[in-house]
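> Given next are the chains, with one letter for each unit.
There are 2 protein chains.
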Amino acid sequence: MSKHNIRLKDIAEELGISIPSVSRALNNKPDIGKETKRKVFELAKKLNYQPNQFAINFKNQQSFIIGVIIPQIVHHFFSNVISGIINEAEKRGYNIMLFQSNESFESELKGVETFQKSMIDGLIISLSDNTQKVDHLKYLQEHNVPVILIDRITNEIDAAKIICDDYQGAYIATEHLINLGKNKIAHITGSLTPHTTKERLRGYEAALKNHHLKIHERYIKQCNLESREEGYKATLALLAEKEIPDGIFCATDINAVGAIEAIKEKGIKIPEDIAVIGFSDWEMASVVDPPLSSVSQPDYEMGKKAIELIIEEIQLTRENKPIKYETLVMETSLIMRESTIGKK
Amino acid sequence: MSKHNIRLKDIAEELGISIPSVSRALNNKPDIGKETKRKVFELAKKLNYQPNQFAINFKNQQSFIIGVIIPQIVHHFFSNVISGIINEAEKRGYNIMLFQSNESFESELKGVETFQKSMIDGLIISLSDNTQKVDHLKYLQEHNVPVILIDRITNEIDAAKIICDDYQGAYIATEHLINLGKNKIAHITGSLTPHTTKERLRGYEAALKNHHLKIHERYIKQCNLESREEGYKATLALLAEKEIPDGIFCATDINAVGAIEAIKEKGIKIPEDIAVIGFSDWEMASVVDPPLSSVSQPDYEMGKKAIELIIEEIQLTRENKPIKYETLVMETSLIMRESTIGKK
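For the protein sequence lines, the chains are A and B, in the order given. Here the first sequence stands for residues 1 to 344, numbered as in the numbering used here. Here the second sequence stands for residues 1 to 344, numbered as in the numbering used here.
Keep in mind that the hints were calculated from the coordinates and are not lab data. Small disclaimer: the values here were computed from a predicted structure and weren't measured. C-beta: ideal position from N, C-alpha, C; glycine also. Careful: at least some of the hints might be erroneous.
[Stated by the list, open to error] Just so you have them, the derived chain B footprint on chain A, three or more residues with Cβ under 8 Å: (1) 64-77; (2) 99-106; (3) 114-125.
[Claimed, not checked] Some chain A residues near chain B, calculated using beta-carbon distances under 7 Å: (4) 82; (5) 86; (6) 283; (7) 289.
[Said to hold, decoys possible] Taking lysine-lysine and the DSS-like style, the derived pairs with C-alpha atoms no more than 25 Å apart in a straight line are: (8) A:321 to A:138; (9) B:117 to B:39; (10) A:233 to A:264; (11) B:305 to A:110; (12) A:91 to B:133; (13) A:343 to B:266; (14) A:304 to B:110; (15) A:321 to B:29.
Taking the hints into account, I'd like the entire structure generated from these sequences.
This is the structure we're talking about:
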């Protein structure tokens, strides 16, 4: 045994505490006092303690666990992403450990920390709205745990990323309205911080421009993207304009549901007078009256692709081969329903 | 070292293969040939091989992983259950490993098998529609891994179970229609195999009976519970009756959406002529026109409760204390919207 091969037993004997206590202190378990933890960590560092051979072997053998952190599960898009992740992981013999951050950065941090203790082979993450720094993700990469970002990404880290083409989706939605003969097209958008919202606005503007239509600031209304009520109010504001729009592209389906409510309330015909299109093609889109045209995102496919990419990275990492990070941009598709094309 | 303390090394030397190969064979990894696996298993059995001390310690220390198997994730009820499970597990320092069976028994079996290798501390499961035998769950129990059944339960196993009170939910839905003055109340139901569907029918019949209303077979229509189209057709059949109903209790919201479509198409007023109520209070309920009254299930709470119960069982199991299994029946609540009470 080399002199570096320090065991938990040595630390326990030196400090006069039990081996399980040393183990629990090193694993930062809550039932060990702060002072004890401090002593254990200091001595472990001084003695250059290395986690024992079995733990290392275990890691070398892979855990076949992939950690997944998403902002929310009760969410059409994310639940489909997870479904794609889980089904594909199962096929390839991997287990999925799932965590939801509830849009909290602190919670996301905690998720990464606990996953690490379970020795995940890789992490797929969709960042919380409040995540600015990504040192926790860089830490994983430095410890040979590949990280893939999906949908909610950031430029703060060099990693593989998978997003859907919000720009293209907004473009085809807006162009669809133009092709129907509409030329006063409004856009209901949200706070312009998230990448996705900005891209949808950009796609809307590009479609108007390419079809030689003017962009009017008064036709672009901001509201809470998750709120039907705010979609309703934003539409009432549009209907109060001197020249009311003949088409509305909403950045979310739930906003569009509010828009339809407002338009119907005013006795205005959909789609004859105003055509409405949403984004994401949630279950509600086909249920609302009239059924809502929308842009369908490749959510399930994105999840599937994330597993393919991360398993590839896990293999390359284990073989010490270089990894080239790319951002995969996946196409959306147009779903036409009565709110734009009327009854058949 | 006792003579029973056989190590991987002993097996490896005897068979002339490497230690990692023995380990991988014992873990049934795909990259080891069948013949090698057979030899390793036979010798391990003959030598009475016991997993090594670290692995045992590791198990004694708990993995702090709880396995969860559900039929589908893209599902309002189940995604809420999982949300409750994950948030509560996080609070208590446990990780969730998630698997979806896609209603396949084989897939469910595979989930249990892989979870076991990840040394889960306990399992929360909602059975697939095709699960009849539950030997896989009994096996876990025999190996001191507690199992809790949620929503999709069975009498084939003695374990803690959590369900929502479908009988009571159906009762209050039907009684709500009666209290509104309706006395020709129809029920759209599904295949009567699942426990939940049977209970909803039973609650409907009990409410009629207690209010001295007759149960008419012609007012009870069976259809696919997941289909809007079938809810539509079942309602058309009801509207073809000599005496049409003045209220319809649908066993699912999606059936109710189809029912509303059929009633509106015939120019019949909702709720004046026919009131409609669904079950589950999915997102679509508030989006359909008119907004749909429904029965809300305590999905998130059920998930939360499942974590509470399983952690309790994990503790009792570790302390070798007896466990008394109970079935927890959680109450539903009535959500009143325009489809029964009209516009305010």
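> Each hint: holds or not?
Verification of the hints:
1. 64-77: holds (count 7)
2. 99-106: The restraint on the stretch 99-106 of chain A holds, since 3 of its residues have a Cβ under 8 Å from chain B and three suffice.
3. 114-125: holds (count 4)
4. 82: Where the cut-off is 7 Å and the nearest Cβ of chain B is about 5 Å from residue 82 of chain A, the hint holds.
5. 86: holds (5 Å)
6. 283: Check passed: Cβ of residue 283 of chain A comes within 6 Å of chain B, closer than 7 Å.
7. 289: holds (4 Å)
8. A:321 to A:138: holds (18 Å)
9. B:117 to B:39: Status holds; Cα separation ~21 Å.
10. A:233 to A:264: Within the cut-off at roughly 13 Å; holds.
11. B:305 to A:110: Distance ~22 Å between residue 305 of chain B and residue 110 of chain A Cα, so the pair holds.
12. A:91 to B:133: holds (23 Å)
13. A:343 to B:266: Holds: residue 343 of chain A and residue 266 of chain B sit about 17 Å apart, inside 25 Å.
14. A:304 to B:110: Judged against 25 Å, a Cα distance of about 19 Å means the pair holds.
15. A:321 to B:29: Since the Cα atoms of residue 321 of chain A and residue 29 of chain B sit roughly 23 Å apart, the hinted pair holds (cutoff 25 Å).
Going down the numbered hints, you'll see the structure goes against none, and every one checks out.
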